[in-house]
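Protein chains: 2
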Amino acid sequence: MSQSSTRDSLKTIGEFGLIRQLKQQWSTSSPWIVKGIGDDAAILKTRQGQQLLISTDVFIEGVHFDLASQAPKDVGWRAGVANLSDVAAMGGSPLYLLVSMAVPVRIPPKNIRELYRGLKDACAPCHVELIGGDTSSSPSHMFLSLTIVGSVRANRALTRHGAEVGDHIYVTGTVGDSNAGLRILQTRSNNLRRFSPSTAEKFLIRRHVRPTPRIRIGRLLVDRKLAHAAIDLSDGLSSDVGHVCEESQVGVEIRGKALPLSSQLRAFARQNNLDPMELALQGGEDYELLFTAPAKHHQKVLNVSRQTKVPISCIGEIKPKTFGQQLELPEGRKQKLAKKSFNHFGNR
Amino acid sequence: MSQSSTRDSLKTIGEFGLIRQLKQQWSTSSPWIVKGIGDDAAILKTRQGQQLLISTDVFIEGVHFDLASQAPKDVGWRAGVANLSDVAAMGGSPLYLLVSMAVPVRIPPKNIRELYRGLKDACAPCHVELIGGDTSSSPSHMFLSLTIVGSVRANRALTRHGAEVGDHIYVTGTVGDSNAGLRILQTRSNNLRRFSPSTAEKFLIRRHVRPTPRIRIGRLLVDRKLAHAAIDLSDGLSSDVGHVCEESQVGVEIRGKALPLSSQLRAFARQNNLDPMELALQGGEDYELLFTAPAKHHQKVLNVSRQTKVPISCIGEIKPKTFGQQLELPEGRKQKLAKKSFNHFGNR
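These protein sequence lines map, in sequence, to chains A and B. Residue numbers 1116 to 1463, in our numbering, belong to the letters of the first sequence in order. Residue numbers 1116 to 1463, in our numbering, belong to the letters of the second sequence in order.
The reader is advised that the hints may include incorrect statements.
The list treats identical chains as one, so a pair stands whether inside a single copy or across any two.
Unchecked claim - Derived DSS-like pairs: lysine-lysine, alpha-carbon spacing no greater than 30 Å straight-line:
1. K1225 x K1454
2. K1455 x K1225
3. K1455 x K1126
4. K1138 x K1454
5. K1160 x K1235
6. K1454 x K1126
7. K1415 x K1340
8. K1455 x K1372
9. K1434 x K1138
10. K1340 x K1160
Hints are computed from structural coordinates only; laboratory data are not their basis.
Sequences are here, hints too, so could you generate the full structure?
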């Protein structure tokens, strides 16, 4: 190894050295930022007619990501998209990001810079600026915490409540791909044989490691007042539609046949004897939007799809609360919408 | 143990159970919060004539705190104050907090609730509201990440730049107490003998575990346009005044004799053969404010002290950059202002 790379350890460059490097990597220029990184707090101008959106997410090595099998750039990208997607789901514009990390010394600074690069790449299309953060060592695992700040037209944010009986339920893109992609990656890391993924598998892996936040669609829904409620698909479609139902105090009927499944997902399911509909309903981290809109807006919703070149599919209808949360199977039979139970603590 | 306490484990109550408990513990009511916890992002109204302040800090078990020797309530309090103090140093009002955590299953939920309670208690006097967060398991250590949102009069925030040659340098309260308190706690945890601290030691420990953010003083400095630059004492006085000098492109002369030292700190230093001035200059986490103000405002600064009943001491003067950063020792000799080097990565 070259001299410069041996010197490139966290022990040598130190906390301030790392911060300096990361600052240089991602400089800020927005006229709305009075003061970015480098003081006790960032100072931001507020925008008339806008409300503020703030959301935060943690990503823990060994829980949310695995640096042994995942490229740091992909980890950064996915963490960034998880945050951006929260703002997209409210119909807002992401503006600023704060990034905090605790890093064990075993991780080379190069990997941290690459993780940052992935984060930055995910944020670049929407011009999100880095305005703060904190860096520390970690005695064991790597810890990442992101806080995103966005803005939305005053009193127009899309929330999980507001869904009304009779609303159509829509999802953007295709669902279940990320779940399938993750399964392929897990098989690969458990399998020492040389791994040469098919084109379909490559597509699904890409959908997992490089999801797209649906920011433009969220904004168009707000601008055109089309949606009653929205959420992004992070826990899994059945869980996420459940959150909307609980917050809106309504029931739901999902039509299994109407779920937008990619041909690649269908092929993967066939090959692995899996139910593609199950993958779509239970699989998380698609970062597609799910929203409800009155039936009369159906054509306008399709216009948003045409304009953004992203498929938007009607997958069911909001029902009264007494109806419960049901799934219509492709053969016509109805059953309770099953949810994967999420318990980060119970799983280990 | 009672049945209810055996049931009270993270494995049993799960992630959503924990979030529910914490939400109940700290409900929000501000009319500025359109939507608090429970959606993809919090929605906040913006305030005319105000700018936004945002800051984030991480606290890592084994680096910043030790749950074996520290009460969870104290850990929460200190983490809260570290954040509040960042807003105080800008002359702003802290408004909202986001709390993210990754918790290993070995930690009883009771301890997490107590940590939250300490955090809440620290935030209560300034009516800070909890608006979001994220919770995860951790494979090893506990991670805590706080993001504070505040507001400040537009174009009036106090930053680290802006100090001018000839400015007086002031600090609030007394300095070095927290450092001494930490040393006492460390001795205690290394010493199996029964520990019965003296009244002076109790004072110093309290100053370490229960620091006070100087929010009101920061706001008065802004309202009365008294200060040119400000910072809170977190790294240690000599390092923190160094940050102001670097950002403001100036030099400084600190008068050792003028440092405000508590009688308890002096007694502790005497008993332990330590230099109290060193403890004050190098010791971090006092969370007092350091600010610079033109000499003509001296009386007005003293009025702030009288009004808030917090001592404010002039400890030196801003000099041209070429002067460097110097310390005048009590006997009159001058020397370079030594700084403790901070490198979280190098220390382990």
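For each hint, the structure was consulted:
no. : hint          : in the structure
1   : K1225 x K1454 : between (40 Å within a copy, 29 Å between copies)
2   : K1455 x K1225 : between (37 Å within a copy, 27 Å between copies)
3   : K1455 x K1126 : between (42 Å within a copy, 17 Å between copies)
4   : K1138 x K1454 : between (42 Å within a copy, 23 Å between copies)
5   : K1160 x K1235 : both (22 Å within a copy, 28 Å between copies)
6   : K1454 x K1126 : between (45 Å within a copy, 19 Å between copies)
7   : K1415 x K1340 : within (10 Å within a copy, 53 Å between copies)
8   : K1455 x K1372 : within (20 Å within a copy, 65 Å between copies)
9   : K1434 x K1138 : between (50 Å within a copy, 29 Å between copies)
10  : K1340 x K1160 : both (27 Å within a copy, 20 Å between copies)
Of the hints listed earlier, there is not a single one the structure fails to meet.
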